[in-house]
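Asker: This is what each chain is made of:
Protein chains: 2
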Amino acid sequence: MRNIALRLAYDGTRYHGWQLQQNARTVAGAVEAAVASVCGGAPRVTGCGRTDAGVHARVYCANFKTDCAIPSARIPYALNSRLPPDISVSSAFDVGDGFNAVTSCVRKEYTYEIYCSRIHDPFRAKRAYRYPMAPDIDAMRAASQCFLGTRDFAAMRSAGSRTKTSVRTVFYYEIESQGDELRFRVCADGFLYNMARAMAGTLLYVSEGKISARELPGLLASGDRRRAGPTAPACGLYLTRLWYNFDE
Amino acid sequence: MRNIALRLAYDGTRYHGWQLQQNARTVAGAVEAAVASVCGGAPRVTGCGRTDAGVHARVYCANFKTDCAIPSARIPYALNSRLPPDISVSSAFDVGDGFNAVTSCVRKEYTYEIYCSRIHDPFRAKRAYRYPMAPDIDAMRAASQCFLGTRDFAAMRSAGSRTKTSVRTVFYYEIESQGDELRFRVCADGFLYNMARAMAGTLLYVSEGKISARELPGLLASGDRRRAGPTAPACGLYLTRLWYNFDE
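Quick note, the sequences are listed as chains A and B, same order.
Residue 138 in this note's numbering sits at position 138 of the first sequence, with consecutive numbering throughout.
Basically this note's numbering = 1-based index in the second sequence + 1000.
FYI, nobody ran anything at the bench for these hints, they're computed from the structure.
Only a predicted model underlies this, so the values are computations on that prediction, with no experimental measurement involved.
Treat the hints with care, as some may be off.
[What the hints assert, rightly or not] If you want a taste of the chain B side facing chain A, the calculated C-beta under 8 Å gives, among others:
#1 Pro1076
#2 Asp1086
#3 Ile1119
#4 Pro1122
#5 Phe1123
#6 Ala1125
[Said to hold, decoys possible] Under the rule of at most 35 Å between Cα atoms (straight-line distance), these lysine-lysine pairs were calculated in the DSBU-like manner:
#7 Lys126/A / Lys210/A
#8 Lys210/A / Lys164/A
#9 Lys126/A / Lys164/A
#10 Lys1164/B / Lys65/A
#11 Lys1164/B / Lys126/A
#12 Lys1210/B / Lys1164/B
#13 Lys1126/B / Lys1210/B
#14 Lys1126/B / Lys126/A
#15 Lys1065/B / Lys1126/B
We put the beta carbon where it would ideally sit given N, CA and C, even for glycine.
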């Protein structure tokens, strides 16, 4: 049986996230329907992670097993002709039997996109978070360095998460500023439920002087979600990079 | 009575163009509802032009008359809180009694946005036209210069136009190329029905060798719409610049 990996992108606005759910439109549901139509059968498609409702992916990886003989180079075109305009497959390739889009993924980068404006932009609606104030970038940069390294991120996790440990390793947290745009890029070996959005909301609280960079280490150590900033809106969040271990 | 001009932007995807129509959602309808709510009464809002269904405006101008006393600097915020996310007002100012958004407009620039890719991009769906081939930019640049000057553009006009003359003056036609993106910027004193889209479709025919730059002058002189290229899809077209005569 072949194991096929897909590289996808999607605008998450219309979807209740990636993960299949009863009575909800999900990206996985749309992709599985397209895969079934192209490859036959009813293959289960494994995605690299659950994104929340409204979260986007500039890059996403999924895999599925199939007996179909269609050459991998033709799969993107076949799938795209059956996918809605807000989901696309840019490449497909045969991978080893042990490859699994979720368990073989060793690092991910999320980018939180903000534009700072008192006026909403019709072309960035649902694609970025509009922040109506002037940001204190230096304060946020200083605070963001507290996120680095291996630590317990319980204070950055929303309720509803079922993972056993809340220890994760953050490899970098970069803040880019250009014109009215602000981007927070964070890379980790894994993300707790709403972790990237809680980090963004906490940094905006730092910008507003509601949390200081000095108190952030203590806040993180406390594991108390209530002391951190709010979960920033889903529309600003993009999955932007993936690292895979192909040795398995 | 005050005469107030608005500077707007909108994503035209969900609308049947600017102009008020029975039983159709239009940008003018949404703006008039917001103006009535903020300023009272039922002011008619005059827009700088009819854009087609699905056409966008990075900049658009409209004016209306009102007795309300709200300072012009506050009007954008008041209107934006009542407008949907795909329409925004960036500024409002009191203008002379003779100012009319359509008749005082002396030049407009439309930009036709294309991306060249065999794979559709979820983030550019409905916001640009996907062209699946490699464009011949030199051929299109050469051909585009045939559009310049004062001439009869009947060959670039769709049926259904009710204007008396089809003579217009085109001031520039620029082709910008960056990465997979292609932009056609055209400035004229006025545009016939579908003229900017017919010009874009004709240049893409030139790129494909279906029309040569040499035969374009004869094609234009013939006034025969059937000899030109197709009307390019609405989703790629943006109103991007306006020139006003404030002397009236």
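Asker: For every hint, state whether the structure bears it out.
Answerer: Evaluation of the provided hints:
| no. | hint | in the structure |
| --- | --- | --- |
| 1 | Pro1076 | 6 Å, holds |
| 2 | Asp1086 | 5 Å, holds |
| 3 | Ile1119 | 5 Å, holds |
| 4 | Pro1122 | 4 Å, holds |
| 5 | Phe1123 | 6 Å, holds |
| 6 | Ala1125 | 4 Å, holds |
| 7 | Lys126/A / Lys210/A | 26 Å, holds |
| 8 | Lys210/A / Lys164/A | 31 Å, holds |
| 9 | Lys126/A / Lys164/A | 32 Å, holds |
| 10 | Lys1164/B / Lys65/A | 64 Å, violated |
| 11 | Lys1164/B / Lys126/A | 42 Å, violated |
| 12 | Lys1210/B / Lys1164/B | 31 Å, holds |
| 13 | Lys1126/B / Lys1210/B | 26 Å, holds |
| 14 | Lys1126/B / Lys126/A | 14 Å, holds |
| 15 | Lys1065/B / Lys1126/B | 34 Å, holds |
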